[in-house]
Amino acid sequence: MPALQLRNVRKTYQSGDTEIVALDDTTLEVGDDEILALIGPSGSGKTTLLSIAGGLLSPTRGAVIVGDHDITEYSAKQLTTFRREQVGFVFQTVNLVPFLTARENVMIAAELGGHANEKATKARADQLLDELGLGRRAANLPAQLSGGERQRVAIGRALMNEPQLILVDEPTSALDTKLGTQVMELIVNEVKRRSTAAIIVTHDTRMTHYADRTVQITDGVLAA
Amino acid sequence: MTLGLRELRRRFRKFLPTTAALALLVVLLLMLGGLLDGLYLGSTGALRSQRSELAVYSDDARDSVIRSRIDPATRDSIESVDGVEATYGFGVALVGARVPGETTIADAAVIGYEGNVDGVPAPPPPGKAWADRSLQADGVHEGDVVRVGPTRIPIEVVGFVRDTNFLQQGALWVEPDTWREVLSESRPGAAVEDGAFQTVWVDVAPDADTAAVARAIDEATGTTKTLTRQEAVLAIPGIKEQKSTFTQIIGVTFFVSGLVVALFFALLTLERTAMLGVLKAVGASSRQLVATLGTQTVVITALAYLIGALIAIGMTLVIPPQVPITLTASRAVFVAIGVFVAALVGGAISLRRIIRIDPASAIGTGT
Numbered sequence: 001m002p003a004l005q006l007r008n009v010r011k012t013y014q015s016g017d018t019e020i021v022a023l024d025d026t027t028l029e030v031g032d033d034e035i036l037a038l039i040g041p042s043g044s045g046k047t048t049l050l051s052i053a054g055g056l057l058s059p060t061r062g063a064v065i066v067g068d069h070d071i072t073e074y075s076a077k078q079l080t081t082f083r084r085e086q087v088g089f090v091f092q093t094v095n096l097v098p099f100l101t102a103r104e105n106v107m108i109a110a111e112l113g114g115h116a117n118e119k120a121t122k123a124r125a126d127q128l129l130d131e132l133g134l135g136r137r138a139a140n141l142p143a144q145l146s147g148g149e150r151q152r153v154a155i156g157r158a159l160m161n162e163p164q165l166i167l168v169d170e171p172t173s174a175l176d177t178k179l180g181t182q183v184m185e186l187i188v189n190e191v192k193r194r195s196t197a198a199i200i201v202t203h204d205t206r207m208t209h210y211a212d213r214t215v216q217i218t219d220g221v222l223a224a
Numbered sequence: 001m002t003l004g005l006r007e008l009r010r011r012f013r014k015f016l017p018t019t020a021a022l023a024l025l026v027v028l029l030l031m032l033g034g035l036l037d038g039l040y041l042g043s044t045g046a047l048r049s050q051r052s053e054l055a056v057y058s059d060d061a062r063d064s065v066i067r068s069r070i071d072p073a074t075r076d077s078i079e080s081v082d083g084v085e086a087t088y089g090f091g092v093a094l095v096g097a098r099v100p101g102e103t104t105i106a107d108a109a110v111i112g113y114e115g116n117v118d119g120v121p122a123p124p125p126p127g128k129a130w131a132d133r134s135l136q137a138d139g140v141h142e143g144d145v146v147r148v149g150p151t152r153i154p155i156e157v158v159g160f161v162r163d164t165n166f167l168q169q170g171a172l173w174v175e176p177d178t179w180r181e182v183l184s185e186s187r188p189g190a191a192v193e194d195g196a197f198q199t200v201w202v203d204v205a206p207d208a209d210t211a212a213v214a215r216a217i218d219e220a221t222g223t224t225k226t227l228t229r230q231e232a233v234l235a236i237p238g239i240k241e242q243k244s245t246f247t248q249i250i251g252v253t254f255f256v257s258g259l260v261v262a263l264f265f266a267l268l269t270l271e272r273t274a275m276l277g278v279l280k281a282v283g284a285s286s287r288q289l290v291a292t293l294g295t296q297t298v299v300i301t302a303l304a305y306l307i308g309a310l311i312a313i314g315m316t317l318v319i320p321p322q323v324p325i326t327l328t329a330s331r332a333v334f335v336a337i338g339v340f341v342a343a344l345v346g347g348a349i350s351l352r353r354i355i356r357i358d359p360a361s362a363i364g365t366g367t
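First to last, the sequence lines map onto chains F and D. Here the numbering used here is used: position 170 in the first sequence is 170, and no number is missing along the way. Here the numbering used here is used: position 63 in the second sequence is 63, and no number is missing along the way.
Calculated from the structure, these hints are not laboratory results. Check the hints yourself; a few may be wrong.
Stated by the list, open to error - Below are the SDA-like pairs computed for lysine to any residue, each with C-alpha atoms no more than 25 angstroms apart in a straight line:
(1) F:Lys122 / D:Gln288
(2) D:Lys14 / F:Leu100
(3) F:Lys77 / D:Ser285
(4) D:Lys14 / F:Gln144
(5) F:Lys122 / D:Arg6
(6) F:Lys122 / D:Ser285
(7) F:Lys77 / D:Arg272
(8) F:Lys119 / D:Gly4
(9) F:Lys119 / D:Leu5
(10) F:Lys122 / D:Arg9
(11) F:Lys122 / D:Met275
(12) D:Lys14 / F:Asn140
(13) F:Lys77 / D:Leu351
(14) D:Lys14 / F:Leu141
(15) D:Lys14 / F:Ala143
(16) F:Lys77 / D:Arg356
(17) D:Lys14 / F:Ala139
(18) F:Lys77 / D:Gly4
(19) F:Lys77 / D:Leu293
(20) F:Lys77 / D:Arg287
(21) F:Lys77 / D:Gln288
(22) D:Lys14 / F:Pro98
Please build the complete structure, drawing on both the sequences and the hints.
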């Protein structure tokens with residue numbers, strides 16, 4: 001089963017009397033262990049596509065199916081649960097919760113879901129941090145971590161609930177080339193190791209070779 | 001532990017100024033309330049402690065105990081009214097009292113009474129008095145003979161009672177003839193004849209309508225104005241004005257408390273909009289984020305109240321006893337409820353902003 005299916009998805013915004021088309025008649029399928037690179041210039045619609053795939057935005061028209069969840073008609077409450085349980089996000093700016101330790105940041109989605117077994121959740125978070133090379137930094141606050149370490153914690157947070165789909169927004173834009181390469185390799189390795197699907201939005205064409213497939217988007221329209 | 005509590009624990013310095021401001025407002029509220037209660041209780045105890053439901057004044061007294069006169073004939077008329085079960089004469093003389101071993105003259109209210117007063121035993125023999133405990137601050141002890149008025153009439157204190165003062169003056173409860181003697185010596189122009197009092201308190205029969213009996217008394221005498229006990233308390237000079245003034249100041253202080261919390265959380269929410277967007281994106285519901293704000297509001301307010309209450313209690317211990325401040329449990333509960341309500345209403349101002357934060361803002365739409 002594909003990890004993601006977008007069927008004739010259209011997303012428009014109203015700006016005064018003008019209708020702005022952010023995404024136009026988009027159809028896309030991502031395999032269950034496929035890494036897709038989505039590239040395009042600023043304003044091309046790639047972040048809108050990512051937001052719709054992750055249940056952050058609802059489409060104006062069309063269908064969105066993630067795994068076996070047709071989320072097209074989901075309510076805001078259903079989307080909240082869906083995001084918590086089925087999707088992992090890695091944001092452009094790292095955006096860790098500043099007053100939570102690395103371990104607590106990784107555990108946040110599980111805690112928000114009210115998972116009863118705190119001990120198991122903690123053990124999984126520690127295991128993830130170990131795998132990401134942050135075993136000894138689990139009790140550190142984000143302010144005590146380097147930029148690369150924070151990005152790795154964010155990756156751990158995205159992987160924590162074993163999501164069907166990982167959505168990565170410009171992961172290297174705030175990092176230098178060397179660190180950016182390391183972070184990309186880490187994301188790809190972790191995603192591949194778990195046989196999870198991922199969409200990586202980037203404007204950096206040097207990073208596309210990490211993906212199984214690259215899709216270009218321009219003015220809200222996909223081109224293979 | 002919830003997000004809100006973790007943030008409070010790890011970033012408490014951020015919350016410290018608001019907690020401190022709120023604690024100071026609690027001090028202000030408790031002290032203002034304490035002063036209001038102290039002034040009210042210290043001025044009204046002699047009337048509040050009456051068991052009778054009605055107080056009869058002469059109609060030209062403008063509701064003042066000191067100006068009122070009820071002669072024996074008028075009292076007979078009162079007692080003849082249906083529904084009047086018993087009457088008790090009452091009068092006050094405001095005098096200076098010389099206390100053995102003390103150089104300062106204490107302010108005293110010599111109260112002549114015939115009984116039926118809560119917490120005050122039956123009238124003592126002539127020349128003796130039950131003294132209010134507040135007079136202990138002026139050096140009065142049991143067995144002391146205080147000398148009252150310009151002619152220094154001796155009155156021996158045979159014991160103490162509490163919360164029975166009149167117009168902030170320490171009460172000395174005496175039998176009627178001793179009171180009349182003190183009144184005629186201290187204010188010869190205000191002296192009353194034997195058997196007369198300033199007011200008469202009336203017990204109403206259990207099956208009688210109090211308001212109807214009050215009207216019947218005034219109709220029967222033609223020269224009196226009958227008040228309920230609560231009306232008589234509020235008719236004491238300055239009481240209504242004190243209550244009104246302090247109540248307004250206390251109300252404004254509650255408003256400021258709410259404003260402090262509202263501004264703090266509005267700024268805090270604005271500052272962490274991006275973080276709240278990320279939390280929503282990874283699966284936090286608006287309800288969970290609102291609960292975070294609610295938890296923080298409650299904890300900050302509870303802490304501020306505790307600190308404020310301790311400071312207020314400490315201040316009452318060092319304030320001279322002449323300052324009429326009384327911290328009561330009911331006042332403490334009232335301030336606690338008021339501060340919590342003001343803080344929660346203030347915090348609620350940020351609810352709409354939190355609910356409206358778009359989870360899509362975490363990755364910035366439109367690109």
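Consistency of the hints with the structure:
1. F:Lys122 / D:Gln288: holds, 21 angstroms
2. D:Lys14 / F:Leu100: holds, 15 angstroms
3. F:Lys77 / D:Ser285: holds, 7 angstroms
4. D:Lys14 / F:Gln144: Holds, at roughly 19 angstroms.
5. F:Lys122 / D:Arg6: Satisfied, since the Cα-Cα distance of roughly 17 angstroms is no more than 25 angstroms.
6. F:Lys122 / D:Ser285: The hint holds at about 22 angstroms.
7. F:Lys77 / D:Arg272: Holds - the C-alpha atoms of arginine 272 of chain D and lysine 77 of chain F are around 22 angstroms apart, at most 25 angstroms.
8. F:Lys119 / D:Gly4: Given pair lysine 119 of chain F, glycine 4 of chain D holds - Cα atoms ~21 angstroms apart, limit 25 angstroms.
9. F:Lys119 / D:Leu5: holds, 20 angstroms
10. F:Lys122 / D:Arg9: Holds, at about 20 angstroms.
11. F:Lys122 / D:Met275: Holds: lysine 122 of chain F and methionine 275 of chain D sit about 22 angstroms apart, inside 25 angstroms.
12. D:Lys14 / F:Asn140: Since the Cα atoms of lysine 14 of chain D and asparagine 140 of chain F sit roughly 20 angstroms apart, the hinted pair holds (cutoff 25 angstroms).
13. F:Lys77 / D:Leu351: holds, 17 angstroms
14. D:Lys14 / F:Leu141: holds, 16 angstroms
15. D:Lys14 / F:Ala143: holds, 16 angstroms
16. F:Lys77 / D:Arg356: Within the cut-off at roughly 14 angstroms; holds.
17. D:Lys14 / F:Ala139: Holds: lysine 14 of chain D and alanine 139 of chain F sit about 21 angstroms apart, inside 25 angstroms.
18. F:Lys77 / D:Gly4: holds, 21 angstroms
19. F:Lys77 / D:Leu293: holds, 20 angstroms
20. F:Lys77 / D:Arg287: holds, 10 angstroms
21. F:Lys77 / D:Gln288: With a Cα-Cα distance of about 12 angstroms, the restraint between lysine 77 of chain F and glutamine 288 of chain D holds, given a limit of 25 angstroms.
22. D:Lys14 / F:Pro98: Within the cut-off at roughly 13 angstroms; holds.
This entry satisfies every hint, going by the numbered hints stated previously.
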